[in-house]
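**Q** Line order of the protein sequences matches chains A and B.
Note that our numbering numbers the first sequence so that position 9 is 14, with each residue one more than the last.
Note that our numbering numbers the second sequence so that position 261 is 834, with each residue one more than the last.
For the record, the hints were derived by calculation from the structure and aren't laboratory data.
Straight-line C-alpha distance at most 25 Å; calculated DSS-like pairs for lysine-lysine:
| no. | chain 1 | residue 1 | chain 2 | residue 2 |
| --- | --- | --- | --- | --- |
| 1 | A | Lys-179 | A | Lys-11 |
| 2 | A | Lys-179 | A | Lys-25 |
| 3 | A | Lys-12 | A | Lys-25 |
| 4 | B | Lys-772 | A | Lys-11 |
| 5 | B | Lys-873 | B | Lys-678 |
| 6 | A | Lys-11 | B | Lys-786 |
| 7 | B | Lys-786 | A | Lys-25 |
| 8 | A | Lys-179 | A | Lys-12 |
| 9 | B | Lys-772 | A | Lys-179 |
| 10 | B | Lys-786 | B | Lys-678 |
| 11 | B | Lys-855 | B | Lys-605 |
| 12 | B | Lys-855 | B | Lys-678 |
| 13 | A | Lys-12 | B | Lys-786 |
| 14 | B | Lys-678 | A | Lys-25 |
| 15 | A | Lys-179 | B | Lys-786 |
Just so it is clear, the structure is predicted and the values come from calculations on it, not from any experiment.
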Amino acid sequence: MRVLNKKVLFGLYNDEEILKSAILEINGENAEIMEVYTPFPVHGLDPYLGFNESRLHIAGFLYGMMGTTLAFGFMSWVFTANWPIIFGGKPYFSVPSFIPITFEFTVLMAAVGMVITFYLICGLGPGVENPYLDPRITDDKFCIAFDVTNSSREEVAALSGLLQRTSAEEVHTKNI
Amino acid sequence: MSAVVSNVRPPLVTGNKTYHDITEDICSPTEKLPGIGWVFCLLASLGLLGFGTVAVFCTVWYGIGTWHLNRTVGWGWDITNFVWWVGIGHAGTLISAILLLFRQKWRTGVNRAAEAMTIFAVICAAFFPGIHMGRPWMAFFVFPYPNTRGPLWVNFNSPLLWDVFAISTYFTVSLLFWYTGLVPDFATIRDRATGFRRKVYNFLSFGWTGSAKHWQRWESLSLILAGLATPLVLSVHTIVSFDFATSVIPGWHTTIFPPYFVAGAIFSGFAMVQTLMIITRKILGLEDYITVEHVESMNKVIVLTGSIVGVAYLTELFVAWYSGYIYEQYAFYNRALGPYWWAYAAMMTCNVITPQFFWFRSMRRSIAVTFVLSIIVNIGMWFERFVIIATTLANDFIPSSWSYYTPSWVEAGIYIFTFGLFGTLYLIFIRVAPVVAIAEIKSILKSSGDQYVGPQIADKTGQNNVAGHHDDHHEHELAVVPGTSIVAKEAKNDINTIEKAIEDFKDELGDYNNEDNPEDDKK
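Generate coordinates for the entire structure from the input sequences, incorporating the hints supplied.
**A** Here it is, written out as structure tokens:
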């Protein structure tokens, strides 16, 4: 398992609506949230956590364009320069019949490229073992975590109180 | 209140589930010993697979001569089965991609299993062109790779090569889409498991943590993959139809083929999803997640696409007559009234007539009727491909070479092989992976759970809480259920207000009176 050498204070909530209002309140107190963990994608969290829109789609577009260029360019090269041969009286450079493969290859490159990018930027992949705070986070608990590695005891107590005030069911600390 | 939805919309998750109940219900089949039903199904699948292996062995060892293909019928059961399996493979990606773009919440109950079905069906489909090559160990010749045979490349102008790209792209993209959806759910199983199982599921879950940023990217990825898969799924069967439509064979050379094939593919795919889902929900006890509402929604798609297919059959006949081209006319006369009339009759009955029962709500909502009709549709769609392929080829341009084609036991055995393969893969899948997308079901619970929506909720007023609510979800009762009911009340008030406003407006306008309003002088 990967070791982050961090001390984490986290609160577990029972519902995504409580989680959202808790995040709003914590933002109001100017406490810096390290991470929020949820068992399913909770909509509407992004602005609260200050997330920008994901740029994966830009990457996908670029991979797709790469696929288009590669497939169309390769077929054109094969049939005009490397291996010019006439099939059924069609011209060497018969654009319409290159379209299906160009399209398929565009989709293939965009999809494969985006998926690989996704796992790379998230640091996920076969064999990766990330430290976890609580096994119920993938079940029915919503978690707000603070990094308290360098915090004083008073700061931890203040954050812990903040979590409890925002109706966290449980508050724990864990070294990961 | 996370989402405001119509209170009268029928719930998609029944049984008053909490998030934890969902995890329990869907993970538990992977955690306990399989039931007798599963073992029986697996043994049956392995039996078919074993018999089929003998047929595959015969084909590879002795060659294609063990089949009854002949001089005119060069494509028989093999390509019929190929097109049939590819068609079935269309429902999974349609459900997960197109219905995601359309924000259809009922997709969450069935998308996981339907996508698995797609992947296994495409594997079965790809098997047929491979075995049809005669020397399947040369199958890599279909890919354009640098070689030492001089500059020698595959023919990029050939629809058969387009098929290679279409099927392999479709398989890859479906697999990625399916697996990316599975990763968070594997993490859920991982966090419940111990020992060796935990290690295995940790490997499968790629170290998923559930971080909010990861979820944001995951959703973005799913949406774009859906956007890519939508034209892809339509293109795949279009390209399969090009195998026929770009040829010069009467009865194949028609421009209607792409849309007609795509509609047929969705039709047969949904029928197969119904067949599998009705069995799966029974075996695994998932009736709360795959409800009658899901079954009805899919039956609506079946009746729509079935009717499109029916219109396409009639259009084909009309165009054959209207074209004035005698070979085209003969091809269709031969299909309907020639030696293979029984196949044409089976196709028309199973695909066009029987699915029309689904216009009746009671039929759409009957599990037994759906199960029987879904199997009939699958039989009908197999006959459609047989009619298009074999009957057209049997009577070609030269009457002296006309023939009648019946498959050998080896050809039939290879079809059985794919049934065994498909069944085995699917049964293993329902044992090791969550059959319903856990995270996605949780995300629609507040808008589609039966404690939040449904006619019985709409009838209630603020004080009436849902009975049997779990204590640990006390907040739900306070925060959400009364809110829902308030929305219902407000809606009723709104209707009264609007009706009153309309009446007031009418009074203000007054009645139309000819004497007060003489006709305009138009000169």
